[in-house]
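Protein chains in written order, with this note's numbering: chain A, 15 to 513; chain B, 15 to 513.
These aren't lab readings, by the way, just hints derived from the structure by calculation.
No experiment lies behind these values; they were computed from the predicted model shown.
Hints may be right or wrong, so weigh each one.
In this list, chains with the same sequence are indistinguishable; a pair is considered to hold if it fits within one copy or across any two.
Stated by the list, open to error - With a straight-line Cα cutoff of 25 Å, these simulated BS3-like cross-link-like pairs (lysine-lysine) come out:
| # | residue 1 | residue 2 |
| --- | --- | --- |
| 1 | Lys138 | Lys153 |
| 2 | Lys436 | Lys313 |
| 3 | Lys64 | Lys436 |
| 4 | Lys138 | Lys64 |
| 5 | Lys502 | Lys64 |
| 6 | Lys153 | Lys502 |
Residues per chain are reported as follows:
Number of protein chains: 2
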Amino acid sequence: MARRAKQNIRVETTYGPLRHPYAPQALFSEDYINQIHSEALRVLETLGLKILNAEARTILSQNGAIERDEMVYIGRDMVEEALRTAPNHFTLKAADPVHDYVMNRDTLLFAAGGGSPNATDRVKGRRAGDRETFENCLKLQQSFDVIHKLSPSCEPQDIAPNLRHYAMTEAQLRLCGKPMFAYARGRAQSMDIFDMVRIANGLTDEEFIADPWVTTVINTNSPRLIDHPMAEGLIDFARAGQLCVITPFCLSGAMAPVTVAGALLLQHTEVLGALTLHQLANPGAPVQYGAFGSNVDMKSGAPAFGTPTQIQLTIGSGQLARHAGLLWRSAAGTASNTHDMQASGETHMALWGTLMGNANSVYHAAGWLEGGLTFGFEKFINDIEALRSIAHLTRPLSETTQEMGFAALEEVAPGGHFFAAKHTMERYETAFYAPINADLRSFGTWEGAGAVPAEDRATRLWQGIVEAYQTPASGLERAATLEPFITKRTAEGGAALSA
Amino acid sequence: MARRAKQNIRVETTYGPLRHPYAPQALFSEDYINQIHSEALRVLETLGLKILNAEARTILSQNGAIERDEMVYIGRDMVEEALRTAPNHFTLKAADPVHDYVMNRDTLLFAAGGGSPNATDRVKGRRAGDRETFENCLKLQQSFDVIHKLSPSCEPQDIAPNLRHYAMTEAQLRLCGKPMFAYARGRAQSMDIFDMVRIANGLTDEEFIADPWVTTVINTNSPRLIDHPMAEGLIDFARAGQLCVITPFCLSGAMAPVTVAGALLLQHTEVLGALTLHQLANPGAPVQYGAFGSNVDMKSGAPAFGTPTQIQLTIGSGQLARHAGLLWRSAAGTASNTHDMQASGETHMALWGTLMGNANSVYHAAGWLEGGLTFGFEKFINDIEALRSIAHLTRPLSETTQEMGFAALEEVAPGGHFFAAKHTMERYETAFYAPINADLRSFGTWEGAGAVPAEDRATRLWQGIVEAYQTPASGLERAATLEPFITKRTAEGGAALSA
Chain A
15 MARRAKQNIR VETTYGPLRH PYAPQALFSE DYINQIHSEA LRVLETLGLK ILNAEARTIL
75 SQNGAIERDE MVYIGRDMVE EALRTAPNHF TLKAADPVHD YVMNRDTLLF AAGGGSPNAT
135 DRVKGRRAGD RETFENCLKL QQSFDVIHKL SPSCEPQDIA PNLRHYAMTE AQLRLCGKPM
195 FAYARGRAQS MDIFDMVRIA NGLTDEEFIA DPWVTTVINT NSPRLIDHPM AEGLIDFARA
255 GQLCVITPFC LSGAMAPVTV AGALLLQHTE VLGALTLHQL ANPGAPVQYG AFGSNVDMKS
315 GAPAFGTPTQ IQLTIGSGQL ARHAGLLWRS AAGTASNTHD MQASGETHMA LWGTLMGNAN
375 SVYHAAGWLE GGLTFGFEKF INDIEALRSI AHLTRPLSET TQEMGFAALE EVAPGGHFFA
435 AKHTMERYET AFYAPINADL RSFGTWEGAG AVPAEDRATR LWQGIVEAYQ TPASGLERAA
495 TLEPFITKRT AEGGAALSA
Chain B
15 MARRAKQNIR VETTYGPLRH PYAPQALFSE DYINQIHSEA LRVLETLGLK ILNAEARTIL
75 SQNGAIERDE MVYIGRDMVE EALRTAPNHF TLKAADPVHD YVMNRDTLLF AAGGGSPNAT
135 DRVKGRRAGD RETFENCLKL QQSFDVIHKL SPSCEPQDIA PNLRHYAMTE AQLRLCGKPM
195 FAYARGRAQS MDIFDMVRIA NGLTDEEFIA DPWVTTVINT NSPRLIDHPM AEGLIDFARA
255 GQLCVITPFC LSGAMAPVTV AGALLLQHTE VLGALTLHQL ANPGAPVQYG AFGSNVDMKS
315 GAPAFGTPTQ IQLTIGSGQL ARHAGLLWRS AAGTASNTHD MQASGETHMA LWGTLMGNAN
375 SVYHAAGWLE GGLTFGFEKF INDIEALRSI AHLTRPLSET TQEMGFAALE EVAPGGHFFA
435 AKHTMERYET AFYAPINADL RSFGTWEGAG AVPAEDRATR LWQGIVEAYQ TPASGLERAA
495 TLEPFITKRT AEGGAALSA
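Bound-form chain A, shown alone (with noise of 0.2 Å):
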């Protein structure tokens, strides 16, 4: 299995940059968006938001927001002026630059999935998240070309919080050379994520903060409410000149609204209010519109991922954030506890939802299970041949009259095969998909090769990709040129997590 991995490695750089293939659809009127957005904009002004952290409503307050207690009223006109210096197109830069990606109008990006305090694989089972784990997820996702930027897949809770960041950040460098990401948990240890960005990258000051190396995720705590650690993390990023993408996490039903519309209006309510702390604290610093929302079961309270609604909400998303002129973020899921086909179907409806609603960056991509509470190694592995099916998709076809094949149906009799025929030897071998995990053979082949299930092919896949691993010479030379900075600082004490 270990020669088939290392073919798997060797697919890299097959497909991407992707472009969306097909035409945003629209769940609803353009008319009605244009309403959301201007009720939005009402309850920044007659509402507020909730904000925890000082500098960031002095901030708004100095620009024209209304500060009552934590509340912060701010005007349409603040929220117009932010619009206009948001931009629309940036490139995520990438260690190897191979890896830098282009995000404009038309992008479609993946993400592995991200943020899962605990892991699970077919081998050591279910467990809490730790540094073994959290790398072997870096590799599987270097590995495979249709994860265009790194993910926080799962914690690694061995670390102690106050130096974990090193940790995280350092594997990253030396393991990988995709665009990064990195958790805004409070300035002290930003600060030194942007260092190490700096140092292992080789950049001045001026370089690093030209375009954006790190992505952070600012979640809103839904509803209206921003806490501090999200709030210093919008204005450090953004002064940083690194790419902020402001995502309320909207189940409907519970942190918003039952309906769609509902939570979509609060959902745009967030962002737009976020957004122009983001843009007041540096103008023109590169931002998404992020949006993650799905509904819960009303009977129980438990989130529910893969849904109609959540499809809705993407749809929805896509026209409001084209709306506000802004690229945007948007995630798949699966509410599943295991590798099954409830796990598999939700991941594909919600990743189809992606696609129609044009989504530039599909975050949770791949490996998320039980809503994000676990990283699933199988579940990664059938969630990348998704993911790569999709990316064929996005090939174009050419409207060639050769491609049409006349001179084929003429050379093959009735109930003849096209097997051997000239227009079929001319192109087999790049004609179609080829799948990694999935198994084409007969039932009989396949029950005597020992009748393993997708889930079981999918171990063998990830394993020995993992015991194949080489860290890249690059990586190498960027962890030993970090050494000294990581020294010193877990000398210092590290950094403590934001209040």
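Here the structure of chain A is known, so what remains is to put chain B in place on it, guided by the hints.
For chain B alone, coordinates are given in the frame of chain A:
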């Protein structure tokens, strides 16, 4: 579990009739679609079709086609006349009128997997289809309102071929009330089936012929061959006013050219040629453009499903069918040999292709495994979840200020929740899709309850439905009405298959 199953049977009639929620996507430019259409007319004229049935050749040659040996060359004027007479709307009639299904441009119809020699479930395992299994499949199809038309699921091979059509037709009329299928396996069997439908539903000849009560699928023998039973089926079903779904099974790289455009050209040629025969046999008889294409794996020749090529062929087929002004039929599918993540993923991929192509009828939408060689019971349940989700997506959303819920945002404090908000309480009961098999519980709760994966939950669900199934009184009446006919025809030796 029987209790849960009974609850599920009770959700019948929640969804449907369905209309497509999203605009059709385009694979090719309209100009290129027009070129493929023209090229298909050229193939029919110059390369022709091989038709093994003399009556069919005569019908075509008497109307202007050139006949040479078993080849028939069909002029474009004949095709254009057939496209003029073919209807673009009709109603599938059902034994129980509540299940009548109006077919027009926006219609979305789902039918379960059909035509499998085998069946499998996690209780009895994989085996050849038999009468009991066939009837259990019918009970499942009748129990979910997202299944709009009956399908031949698995073949009851324990019944002799000369009597099998009596059992398959009688079981549909006894156990179910939805629009029916029939195999075109020779004139004698078709006439028996038409008699049974007339007798069971108390129809005059005129009433029967006026609407399609029975649907058959005509699979051309790609490339460019129509065999004896298929040609006879086209003629017999057309004359009886029953629906023919003309479906070349174009596996790109094997029975069809290796390119998407080439496979579409062959498919379009065969549909138009068979349609011309069909409309000459009875102008205006109900017909659908059938499209079921995918690709083979070029290393092994094995058919693959849920692939990018299948999605592209589906979207392109929709363009060609609409270009021809015909309602059309597509299909989902999977090559997986068991109830695993591959099976669920491939089927979801293919289903979304049918949505993107705005297929009017989606066959094999639930229960297919092994590229159609097996009907899987747990797979059926898994796929029904997908179809119900899609059905929920088809529900229009209202565009009102109330739906946006400014008042709800006003009511809920920052950081609060919407569980008890007035806006929620007024809507929560019907707001979200209610899953039938997805388990949304937390990992701990799910594990504590036995860690049952989706596959095993599906087993309990279908078992409960089958055990609780009550044959409708109207079905028992229809069966009693049919009994003398079946007894008589059985005594006469039944009906032989077509040569």
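Unsatisfied constraints (hint numbers, rising):
Numbers 4, 5 and 6, in rising order.
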